[in-house]
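Given the structure of chain A, go ahead and fit chain B onto it with the hints provided.
There are 2 protein chains.
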Amino acid sequence: MADAITPRSQDFAQWYNEIVRRAELADYTPVRGCMVIRPYGYALWENIQAALDRRFKETGHQNAYFPLFIPYSFIQKESEHIEGFSPQLAVVTHGGGEKLEEPLVVRPTSETIIGHLYAKWINSYRDLPLLINQWANVVRWEKATRPFLRTLEFLWQEGHTAHRTEKDAREETLKILELYRAFAEEDVCLSVLAGRKSESEKFAGAVETYAIEAMMPDGKALQSGTSHFLGQNFAKAFDIKFLDEDNVEKYVWTTSWGVSHRIVGGLIMQHGDDNGLVLPPQVAPYQVVVVPIIYDQTKAQVLEAAEKLTAMLKGASAFGEPLRVHADLDDTSSPGFKFSKWELKGVPVRLEIGPKDLAASQVMSVARDNRAKQPLKFDLGTGAFEHEKLEGILKGVHQRLKERAGEEMRSRLIETADFGEFKEIVAGKGFAVAGWDGTAETEAAVKEQTSATVRVLKSEVSSGKVTCVFSGRPAQYIAYWGQSY
Amino acid sequence: MADAITPRSQDFAQWYNEIVRRAELADYTPVRGCMVIRPYGYALWENIQAALDRRFKETGHQNAYFPLFIPYSFIQKESEHIEGFSPQLAVVTHGGGEKLEEPLVVRPTSETIIGHLYAKWINSYRDLPLLINQWANVVRWEKATRPFLRTLEFLWQEGHTAHRTEKDAREETLKILELYRAFAEEDVCLSVLAGRKSESEKFAGAVETYAIEAMMPDGKALQSGTSHFLGQNFAKAFDIKFLDEDNVEKYVWTTSWGVSHRIVGGLIMQHGDDNGLVLPPQVAPYQVVVVPIIYDQTKAQVLEAAEKLTAMLKGASAFGEPLRVHADLDDTSSPGFKFSKWELKGVPVRLEIGPKDLAASQVMSVARDNRAKQPLKFDLGTGAFEHEKLEGILKGVHQRLKERAGEEMRSRLIETADFGEFKEIVAGKGFAVAGWDGTAETEAAVKEQTSATVRVLKSEVSSGKVTCVFSGRPAQYIAYWGQSY
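Chains as they are written, first to last, in the working numbering: chain A, 1 to 485; chain B, 1 to 485.
Bound conformation, chain A alone (with noise of 0.2 Å):
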């Protein structure tokens, strides 16, 4: 804790990493790639999942676990499946002391497998739709990575649903993609783009990709969350047949679609600051540090009053949730580098308390973000305490978040027309909003020269009048294009 820590402006990335480690949220392992989450981050996860999976259950899904391992025949059944997955494989040789007949895939994604079940389950239109969920780790062979953002074994959640129709995938698929943004903006104060991907930056097997894009600090795109429309290709390639109300067998239409503990990383970056981690409100693991401030005379009655409150306020609620409160009540260490430290991990809100708090019936609240202060009243004889204040602190950090994340959305999406101007956007200022298009030649172009891809579509032109910020030939798409993580 002595070491300050890197500015953010001075380095976003070595900041990046050292708030990771030095907030104890996650740490690096022998095995090349793989993090340990910590506890402060796995109960960071813990209530993203618990957002998540609420909304997966009000929408009618259900949760299932499938196998970690996969046939590596399976893989190849769909064509685009295996030429896109082949060179991330993890592969199981041996097992129980022999080599297998058949290696074993370590699965990167379960498309396959599922769809081999999904066979065996679904007769009938009676079964349609079949909507899944699965909570799962999974491993991609990545060569360079970072915690969160890309690692070789990650955390996540894969839906994966079969439909009677190609509408009725087609709704679900962007159902999904409005589930995520909203999860996404609501739950963890996020601001994101949501749209369809590019062919080029599509699913290995999906007919259409949509993703969620943030827009990082440093103006580089962090995909969120995808949602695919996978058509009828794993349908045919996996014989996911059922027999509809006119008599007639048919294959199923499906979707899959996915979040992983990569928007931990997405949030530590929109939210933190130099001094650290800054948390939404609704997912931070405490929402309230109760710190008192000791001085030897006065030591026994604020521990005790710090004490009081803590076990009162555990028994109070925000966001309709029992409230999460942590009292740091070590008597070895200064008020100041108490403050530090839970500044360094995010809580929301610090409740002080002192003795002429105590003299004065009140602690201080002050709002992790802007540092604002507000007194609370709090009468130590009756309990008596301003709970729909402190809620309503909770609700401003968190409202702040989200206002400011838009905030910053916005004033960095620039349109342009012109490739020069185009550069210099996407070098750093944000997304470029510009046409293109639509050929795989130009966006291959504009990647080699910039890095920066098709994020989003944000709309088809129709009209002619547009041009391609590259090619300058009639434009397509008008598209968001930026770098990415």
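Among these hints, one or two may not hold up.
The list treats identical chains as one, so a pair stands whether inside a single copy or across any two.
Stated by the list, open to error - When the alpha-carbon atoms are kept at most 25 Å apart in a straight line, the in silico DMTMM-like pairs for lysine to aspartate or glutamate are as follows:
#, residue 1, residue 2
1, Lys57, Glu321
2, Lys338, Glu245
3, Lys341, Asp273
4, Lys167, Asp244
5, Lys120, Asp330
6, Lys57, Glu46
7, Lys429, Glu415
8, Lys236, Asp369
9, Lys373, Glu83
10, Lys120, Glu388
11, Lys120, Asp27
12, Lys202, Glu166
Derived from the structure by calculation, the hints contain no laboratory data.
Here is chain B on its own, set in the frame of chain A:
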């Protein structure tokens, strides 16, 4: 649904397999020994997880997530550990298209990788105790497998704690044993014996292993949770040291402990009957199912009443949590078909609502375990309903399941000093309570002749008056003996 279920008394193993498949708890997959947990089975597991997780958090444990892969060399560092686990390992030899320099093991358990990280994190006595739990998938290459009971990949929680003194670590080991006992008996209504295992049944690398053992209807033991005192074995293998208050560097003392989805198999076997599952209300995916009794003339009113009842119940609670209720409003199948379906799925209480019930302003409750019927007042106009009575019925089911399990266990613990009788007991009657001379030779010989082993030790014998049921020598322990899953 058409074929009758094999009666439990006729073929217990076949009954079990049918129930698992037909109640849609789990299914086989093309990956040998790996099952898929279907939504109904996974919802049951989620409730079991929540019940255990609450107990862990109440006792100061935090969750974290460690890597799936462990370097092969790590597994070898603790000599007993590698000896025990090497025949069961799944090994990743290739990643990203290349052969790995060092193979990676898919974790069979995580003492080694966690030991390595604890050595990084623990420096001072102030860092102790470190109380961490992980919910994860693990892989052990088993030959014979059965859904939930023994699978190559399984879901579990593994706790790993580090302590300053031997006393602290021993206390933790026993605290968790007691936590597991309370969980098994109170949350999932299994009656268990809790105690120390013999040397031969110890975890590979432990100083002492404790377990909870349930008795299944076929008289066999189901080891349902284990708690290991690891001494300083892993501390020394992974160099986990701390500077104590006396300024002396010391090795920590560690424990580990786990419960897996095997407990789901225990629930099925313990409580089920010839009609299917019987689920303990505290963990049942649906605690209540609403079944309208539909006739053509009164269909509209009855469906409307069932919907109102369901909506109202969804706002109610049971066992301090929101009530989990499902309505089966399908109007194409008969009430009898639905009764069978939800009995198969083990829903603790069925609420029937038909035209006669409507006329009498009531619904009829039927308990799953004993089919006891009890009318509950339900006023369609005002929505008034006898909530407390319903909760009482749910609690009654829970209590009866718990008591029955306890009675069955007690009636099948049979004391004997005669090896002829011993053989009969462990061949299906239950557990033999008998003297053991404490030698590995005796335990091995008994196992060879009867397939039974010491499940847990009941007590030490100091008097010299008890003799070993097999060798006739003075007994060192009185033990519970039984065949096991």
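Do the hints match the structure? See the list:
no.: 1; hint: Lys57 to Glu321; in the structure: both (17 Å within a copy, 17 Å between copies)
no.: 2; hint: Lys338 to Glu245; in the structure: between (66 Å within a copy, 22 Å between copies)
no.: 3; hint: Lys341 to Asp273; in the structure: within (14 Å within a copy, 56 Å between copies)
no.: 4; hint: Lys167 to Asp244; in the structure: within (15 Å within a copy, 66 Å between copies)
no.: 5; hint: Lys120 to Asp330; in the structure: between (58 Å within a copy, 23 Å between copies)
no.: 6; hint: Lys57 to Glu46; in the structure: both (16 Å within a copy, 13 Å between copies)
no.: 7; hint: Lys429 to Glu415; in the structure: within (12 Å within a copy, 80 Å between copies)
no.: 8; hint: Lys236 to Asp369; in the structure: neither (52 Å within a copy, 44 Å between copies)
no.: 9; hint: Lys373 to Glu83; in the structure: neither (56 Å within a copy, 60 Å between copies)
no.: 10; hint: Lys120 to Glu388; in the structure: neither (53 Å within a copy, 42 Å between copies)
no.: 11; hint: Lys120 to Asp27; in the structure: between (42 Å within a copy, 10 Å between copies)
no.: 12; hint: Lys202 to Glu166; in the structure: within (19 Å within a copy, 56 Å between copies)
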